[in-house]
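Novice: From first to last, the protein sequence lines stand for chains L and S. Per our numbering, the very first residue in the first sequence carries number 4; after that it's consecutive. Per our numbering, the very first residue in the second sequence carries number 228; after that it's consecutive.
Check each hint, because a few of them may be wrong.
Claimed, not checked - Restraint ranges, calculated between C-beta atoms of paired labels, are given here:
#1 S:Asp343 <-> L:Val71: 34 to 44 Å
#2 L:Gln86 <-> S:Lys376: 53 to 63 Å
#3 S:Lys474 <-> L:Pro140: 48 to 58 Å
#4 L:Phe78 <-> S:Asp367: 34 to 44 Å
#5 L:Val61 <-> S:Lys474: 23 to 33 Å
#6 L:Val71 <-> S:Arg349: 29 to 39 Å
#7 S:Asp284 <-> L:Phe212: 52 to 62 Å
Think of the hints as simulated: they come from the structure by calculation, not from any bench. Remember, it's a predicted structure, so these values are computed and weren't measured experimentally. C-beta: ideal position from N, C-alpha, C; glycine also.
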Amino acid sequence: MGITSSSIGRKVAMALSGLFLVFFLLQHFTINMTSVISAEIFNQLSHFMGTNPVVQFVLQPVLIFGVVFHFIMGFVLELKNNQSRSQKYGVYKGQANASWMSRNMILSGIVVLSFLGLHFYDFWFPEMNYKYIEVLPEDPNRYYEELVHKFHSPIRVAIYSLSFVFLALHLLHGFGSSFQSVGVNNKYSATIKKATQAFAIAIPLGFVFIAIYHHLNA
Amino acid sequence: MNLTLKVWRQPNTDSQGNFETYQLADVSPDMSFLEMMDVLNEQLMSQGIDPIAFDHDCREGICGMCSMFINGEAHGPDRLVTTCQLHMRKFKDGDTITIEPFRANAFPVIKDLAVDRSAFDRVQQAGGFVSVNTSGNTQDANAIPIEKKDADRAFDAATCIGCGACVATCKNASAMLFVSAKVSQYALLPQGKVEATDRVLNMVKQMDEEGFGNCTNTGACEVECPKGISLENIARMNREYLAASLKG
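Work out the full structure, taking the sequences as your base and the hints as a guide.
Specialist: Given below as structure tokens:
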């Protein structure tokens, strides 16, 4: 049994792909946040990300692989873990010794994955259609308007907000836990836990703020 | 105290089990949980009912034999105790107590509340030892200087009694706390470093083959462990395993 098929190997792979996605989330948030400050800066950054060949043809495929790998591995591990206890307990007091977040990563993960489907439908598929199928002329100033337009609907804003609550729940366990998985548990662990929990709340809250801001200012 | 006890009854490994409900009167709050089970068994035998099989040995929290999943928690509601150290004063008059065996596919039920934990023995045999020449000229372990914090950490890891509460309580039935404690107690000492690479690779391989689940860092094992084995050991095992895998 090699490292890739061992329980620890899979756990480390899950952690590393999660850390990579956290890094992407921070980058995505930083760019989105500029839309609140300046439409021009947001347009410039979005145009760069949307047209730069390294971003488009190297980083984007890596990101898609990271997302797909993380959720497939998540489902595989969940399935295997369920099979490790065929006969379930009559009474199981999970809340007595572990947080809701840590016990329900698959649930929060499925909500986030569903949100990704909506997000792709909203932004990624139209973007791919614009650039590679219809091959429309480049317009460096269209991104801000497209973003604001999406948040006209209060239902979409509500769905986005709810999804980010689940992302926060997912990160509250997952981000800090990934350090333990790669072997970091030392005198800095308490600080790491606090920092990751602050990130897990602040970043999703920031995304919710951006959605509500554009809805109210449309 | 008068108690209602819902106890898992299962004649053998292959048969289907079910909960049976028994009433037990005049239970002393000073009894240990196992003493209460003894009294229940006396009552059952006087009624011509097969007594409940459950594991026990030292009855002082050292051997790791007693198990039982009591009201949804391994070793019951108290912390840092085994079932034999759990006292009936933790319950109230009129309580209903649900008693089940430790459940994991790697721990098949032998009968009633007794489970087969020999999977742990096989993990230990895969590498949880230090090979020593015992021909008569063995070096005194105390002759090797060991940093105090490493000695303390190794000792803490070695206090694991292999009861299986970590597996029983983990939602994934993962054995990583047990295996990591056994890896750590050697990895931290100079005597254990010689075989460190093979040890962690072989023990993790055996752990996976036994059918335990994957660790998802819920931390439930650490909370329910009667010896307070820390998650720090799992992080150490992960580091040891990654380093050993890179070495081949």
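Novice: Next, verify each hint and record whether it holds.
Specialist: Comparing the hints with the structure gives:
1. S:Asp343 <-> L:Val71: 34 to 44 Å: For L:Val71 against S:Asp343, whose Cβ atoms are near 40 Å apart, the range 34 to 44 Å holds.
2. L:Gln86 <-> S:Lys376: 53 to 63 Å: 40 Å, violated
3. S:Lys474 <-> L:Pro140: 48 to 58 Å: 56 Å, holds
4. L:Phe78 <-> S:Asp367: 34 to 44 Å: 53 Å, violated
5. L:Val61 <-> S:Lys474: 23 to 33 Å: Roughly 32 Å apart at Cβ, these two residues keep to the hinted range, so it holds.
6. L:Val71 <-> S:Arg349: 29 to 39 Å: Distance hint for L:Val71, S:Arg349 holds at roughly 36 Å.
7. S:Asp284 <-> L:Phe212: 52 to 62 Å: 59 Å, holds
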